[in-house]
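Heads up: the protein sequence lines correspond to chains L and E, in order.
The first sequence begins at 1 in the working numbering and counts up one residue at a time.
The second sequence begins at 1 in the working numbering and counts up one residue at a time.
Treat the hints loosely; a few may be bogus.
Take a look, some chain L residues computed to stay more than 12 Å from chain E by CB distance [said to hold, decoys possible]:
1. Val4
2. Leu21
3. Glu44
Among chain E residues calculated to face chain L with C-beta under 7 Å, some are [stated by the list, open to error]:
4. Ala27
5. Pro40
6. Leu46
7. Lys68
8. Phe103
From chain E, some residues computed to sit far from chain L (all C-beta separations above 12 Å) [as the list claims (entries may be wrong)]:
9. Ser14
10. Leu44
11. Asp54
12. Lys77
I should point out that these hints are in silico values taken from the structure, not numbers from a laboratory.
Yeah, the Cβ is synthetic: ideal placement off N, Cα and C, and Gly gets one too.
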Amino acid sequence: GAGVSQTPSNKVTEKGKYVELRCDPISGHTALYWYRQSLGQGPEFLIYFQGTGAADDSGLPNDRFFAVRPEGSVSTLKIQRTERGDSAVYLCASSLTTRGSSPLHFGNGTRLTVT
Amino acid sequence: GDSVTQMEGPVTLSEEAFLTINCTYTATGYPSLFWYVQYPGEGLQLLLKATKADDKGSNKGFEATYRKETTSFHLEKGSVQVSDSAVYFCALLRGSTLGRLYFGRGTQLTVWP
């Protein structure tokens, strides 16, 4: 079956612009996660959703970052007034439940470059 | 705070060599521990896990034992293959509910024939 799909795979934008990154989780997965991976680093937690609500958004670096999941399926990560330091690979993952025994399934990521 | 420290790479081995990738952690309580792998051009995927002290996770010939006394979860494989070339990430989760995973920096493994 289909895995987690992220679009676009690459995004180049100018400093100060607004961007939206999309994540389509595996069908039926109730939990959805966003991580950010900078070059040479491991993934860094941003936010996770249980259904439509953000269960933990403590990883969002500042108020320029916002994420939604209005129907409990597709999620969009929104970044306002982008800065060069936002350049990274943004990873989305989903899991069937939030129990620790339910593995995360990651997408291939969106590589964001802010020039 | 919670954190994971992995041995720095890259690691380069010949086929059939023994592999160890070190991972140590800092956490309050009793975290669950994971190894994730990222093959070239693919997304991260779970390799193995252990949820309590002395548990051994295993998959595809890889093993890791949760050692509370040394706060370690080292990844081992007795005989690596070229197809094992990938980036390996150690991670921890506090509690039993998935949410905020803490990842190490990753270790690049290259296996030569």
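These are the hints, each one checked on the structure:
1. Val4: violated (7 Å)
2. Leu21: holds (15 Å)
3. Glu44: Check fails; 7 Å does not lie beyond 12 Å.
4. Ala27: Where the cut-off is 7 Å and the nearest Cβ of chain L is about 14 Å from E/Ala27, the hint is violated.
5. Pro40: violated (11 Å)
6. Leu46: holds (4 Å)
7. Lys68: violated (17 Å)
8. Phe103: holds (3 Å)
9. Ser14: holds (25 Å)
10. Leu44: Violated, since 4 Å does not exceed 12 Å.
11. Asp54: holds (17 Å)
12. Lys77: holds (20 Å)
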